[in-house]
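Chemist: Protein chains in written order, with this note's numbering: chain Y, 1 to 110; chain X, 1001 to 1132.
Because the hints were derived from the structure by calculation, they are not lab data. We put the CB at the ideal spot given by N, CA and C, even for glycine. Incorrect hints may appear among the rest.
When the alpha-carbon atoms are kept at most 20 Å apart in a straight line, the in silico EDC-like pairs for lysine to aspartate or glutamate are as follows [stated by the list, open to error]:
id	chain 1	residue 1	chain 2	residue 2
1	Y	Lys-72	X	Asp-1026
2	X	Lys-1019	Y	Asp-73
3	X	Lys-1019	X	Glu-1051
4	X	Lys-1043	X	Asp-1033
5	Y	Lys-72	X	Glu-1040
Listed next, with one range per pair, are the computed distances between beta-carbon atoms [said to hold, decoys possible]:
id	chain 1	residue 1	chain 2	residue 2	range
6	X	Gly-1061	Y	Ala-67	31 to 39 Å
7	X	Gln-1123	Y	Leu-71	20 to 28 Å
8	Y	Val-64	X	Leu-1128	45 to 53 Å
9	X	Leu-1101	Y	Val-99	51 to 59 Å
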Amino acid sequence: MTAPIGAIGAVGSIGGILPTGALQATPSISEINGGGGGADFAAKLADGLQSLSDMQAKVDDLSVKAATGSLKDVHDYTIAATEASLATQLTVAVRNKAVEAFNEIMRMQA
Amino acid sequence: MSLFNAIGIAGTGVTVYRKWLDAVSDNLSNINDAAPTSGEAFKAKYVIAQEASDGNGAQVGGIVEGSGQGRLVYEPTHPLADADGYVRYPDIDMGSQMGQLIMAQRGYQANLSVVDRAKDSYQAAIQLGRNS
Chain Y
1 MTAPIGAIGA VGSIGGILPT GALQATPSIS EINGGGGGAD FAAKLADGLQ SLSDMQAKVD
61 DLSVKAATGS LKDVHDYTIA ATEASLATQL TVAVRNKAVE AFNEIMRMQA
Chain X
1001 MSLFNAIGIA GTGVTVYRKW LDAVSDNLSN INDAAPTSGE AFKAKYVIAQ EASDGNGAQV
1061 GGIVEGSGQG RLVYEPTHPL ADADGYVRYP DIDMGSQMGQ LIMAQRGYQA NLSVVDRAKD
1121 SYQAAIQLGR NS
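Could you put the whole structure together from the sequences, leaning on the hints where they help?
Modeler: Given below as structure tokens:
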């Protein structure tokens, strides 16, 4: 599952803003919509959230095993918990970046 | 597994060293097992570590058992002694087992360190540009 990282890769398209010197290079609205990038990003976002949910379900399962004494390896639980924590932090970071970008656009004025 | 790959890979290493610790602890706990000369002595267990079949990390390929021949010890008063007064003890070298114990412990710790460092690194990547 490299989907969440792929979603971050989509941020790379911001580079397209840079050549502002040549206004002709600015893509038209129809070009942007025709690329299907939006749907692709949404699918990757959904994939990322699904993998986060899977990780958390695994941690839940292992923590029940730890409580009931059927956990075979202590590190299985702690490593799964670390991975789920990192995945959650990554999701929150992506969310924050998206909200930040949205707010930036909302503050735009003539 | 592949999103935070370093953590998962180090986890497979921790599992291998945990099994090695188990094997050493089993060998040490049975080091004084006596057996009649007609039977076999306790066989020392040795963990075979190898690369994981999916190429990500390590796995235990199998457990190899040592010789059951052991060594004959003259103990006529032992309840298991044969007519000549001999019993069979496992031929396990305590020094070698203690050395393996240290290697297994250090390997376990090394892999846990990798988990910790990898977590710190991934966290730094996630926080990239947070204070801009």
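Chemist: Go through the numbered hints given earlier and state which of them the structure violates, listing their numbers in rising order.
Modeler: Violated: hints 5 and 8.
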